[in-house]
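Participant: This is what each chain is made of:
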Amino acid sequence: MTKTKLNWQNEDLSALYDGEILGAEKLELHEQDKKHMQAWSLIGATMRNELSSEVNLSLADNVAAAIAKEEPQSLVSDQSKISTPRYKLWKAFHKVGFALTQTAIAASIAMVTVIGYQTWNAEDNLSAENTPVVTLGSVNNVNLASYQSAQNNNVISLGNNVGSNNSKMVANQDQIRNSQNQEMKLINDYIRLYVFDTASK
Amino acid sequence: MNLPNDNEFASNQDAAIVRKVQEGDREAYNLLVLRYQHKVVQIALKFVNNQADANDIAQEAFIKAYKAIGNFRGESGFYTWLYRIVVNTARTFLESSSKHRNNVDVDAEDIASQDHQGALSSNETPDRIIESQELQRTIMQALTQLPTELRQAITLREVEGLAYDEIAKLTGVPVGTVRSRIFRARQFIEEKMALLDK
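Protein sequence lines, in the order shown, are assigned to chains H and P.
If you use the working numbering, the first sequence corresponds to residues 1 to 201, in order.
If you use the working numbering, the second sequence corresponds to residues 1 to 198, in order.
By construction, these hints were calculated from the structure, which means they are not laboratory data.
Among the hints, erroneous ones may be present.
Now the in silico label distances, taken between C-beta atoms and shown as ranges [as the list claims (entries may be wrong)]: (1) A68(P) x A104(H): 37 to 43 Å; (2) M140(P) x Q32(H): 22 to 28 Å; (3) V96(H) x L94(P): 48 to 54 Å; (4) L100(H) x I69(P): 45 to 51 Å.
Think about it this way: if two alpha-carbon atoms lie no more than 25 Å apart in a straight line, the pair counts; the simulated BS3-like pairs of lysine-lysine are [what the hints assert, rightly or not]: (5) K35(H) x K192(P); (6) K69(H) x K26(H); (7) K26(H) x K64(P).
Calculated from the model, a selection of chain P residues having no Cβ within reach of chain H, i.e. all distances over 12 Å [unchecked claim]: (8) R73; (9) E75; (10) L94; (11) S96; (12) L170; (13) G172.
Here a beta-carbon is modelled for each residue, glycine too, at the ideal position from N, C-alpha and C.
Please model the complete structure; the sequences and the hints are all you need to start from.
Facilitator: This is the structure:
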C-alpha cells in the first residue's frame, strides 16, 4: 500500500470522514484535517445526544499516540518470538550434549569396572592357591615348582650341586657356567612360555 | 443500558474503514476513534461516575480494539464488537481499582498522589478538556439556522446513520448533491463553533 499525503478538498474530507470514499492508498491526514473531523465528531455526537458534560478533545490523539508507541514494541515481541526456536534448538543441543557426556562417563566407568574386574581376576589367578604350578602344570616339561624340589628328575640345581672340592670346582668352572646359562635359558623360556600361555587363555 | 443496534450506525462504512485498518492503515483507525469516541465515553460513564476514569477506559478500549482488530471478522458490526471491548475494559478497571483500594493502606495524601487508574496510564501531555454545555447549545442553535435540505441531509447521516446513496434515494437527489449538502451543513456549524473560541 503506497503512502501518499493527499490534499483533501473539504467536501472529500467530509465524505472520507463518513467512510464514503476510501482509496487504496494509505491514509495520511494533516493536522487541519483532523481538526475538522474532531469538530464534525462533536456535531454528530451532539445531534445524537451522546456528548457528556466534559469532553476530552485529546482522546483520539492519545489513542493514536499510544498505538504508535505500541507498534515498535510489537516488533520487539515478534523478534523475541523468532529468537525462541533458536533458544529451543540451543537447548536441544545442550540436552543431547549432556546425554552424550553422561553416556561417555557411564561407558568409561563400565570400562574401568570390566578392566578392573579382569585385572583383579587375573591377580586372583596368580594367587597362592592358583599358582602356575597347579593351574598350568609344567611348561615345556619344566615346572616352576621344580626349582624348589630336588626330587624332580628335571631339577634345575641353580649351581647348588657344585661339589665342595676346589680342584673339581675349578675343573668344572666351564661346566658350571654352561649349566648356569642353560638354567637361565630354561627359566627365561619358562617365563616366556608362561606369559604367552596366560595371554592366550 | 441500551445494547447497540448495528442498524443505527453506518455498518457498511465501518466495514470499509476496518478493512483498511486490517490492511495496515493506522491512520484509518483514527476515523473510527473520532466517530465513536463520545459514544464509548458514555458507555464507560455507566460504570464509573468520574469523567477522567471514563476517558481512560475509552482510551484503553480503543487501544485494545486496535490490537485485536485483526481478529474482527465482521460477523457483527464494528460498534457491537467495540461495545463488548468497552464493557470488558470497564469491568477490568473496576476490579483493579477496587483491589487497589483494598490493598493500599497508606495515608490520604499518598492515595491522592497515586495514579489509581492502574494499567490505564495517564497521558504525557495534558488533555484538552472542554465543558460541553455551551458547545451543545451552539451546535443545536446552528442546526436550526440551517436551510432545510442541509439540515435534512446531515440529520439523515448523523442521526439515522444512512449512507450517501440511501440519503440520495430518500431525498431524490444525486449522491454528489448529498455529499455537498452534508459538507456545507458541517461547515456552517463548525464556523459557529469556532466563534466560541474567540
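Participant: Could you run down the list of hints and mark each one as holding or not?
Facilitator: These are the hints, each one checked on the structure:
Under the hint 37 to 43 Å, the C-beta atoms of A68(P) and A104(H), about 52 Å apart, miss the expected range. The hint said 22 to 28 Å for the Cβ distance between M140(P) and Q32(H), and at roughly 25 Å that hint holds. Restraint check, V96(H) to L94(P): a C-beta distance of roughly 51 Å satisfies the suggested window 48 to 54 Å. Evaluation of the 45 to 51 Å hint for L100(H) and I69(P) yields a pass: the beta carbon distance comes to about 49 Å.
Taken as a hint, the K35(H) and K192(P) pair is honoured in the structure, with Cα atoms around 15 Å apart against an allowance of 25 Å. Using a Cα cut-off of 25 Å, the hinted pair K69(H) and K26(H) holds, with the two alpha carbons roughly 19 Å apart. Pair hint K26(H) plus K64(P) holds up; C-alpha atoms about 22 Å apart against a cutoff of 25 Å. Listed as a non-interface residue, R73(P) keeps its Cβ farther than 12 Å from every Cβ of chain H; the least gap is roughly 19 Å.
The Cβ of E75(P) sits about 19 Å from the closest Cβ of chain H, beyond the 12 Å cut-off, so the non-interface label holds. The claim that L94(P) lies off the interface holds: its Cβ sits roughly 18 Å from the closest Cβ of chain H, which is beyond the 12 Å cut-off. No Cβ of chain H comes within 12 Å of the Cβ of S96(P); the nearest lies about 18 Å off, and the non-interface call holds. Residue-level check passed: L170(P) sits 16 Å from the nearest beta carbon of chain H, beyond 12 Å.
Every beta carbon of chain H lies more than 12 Å from that of G172(P), the smallest distance being close to 19 Å; the non-interface claim holds.
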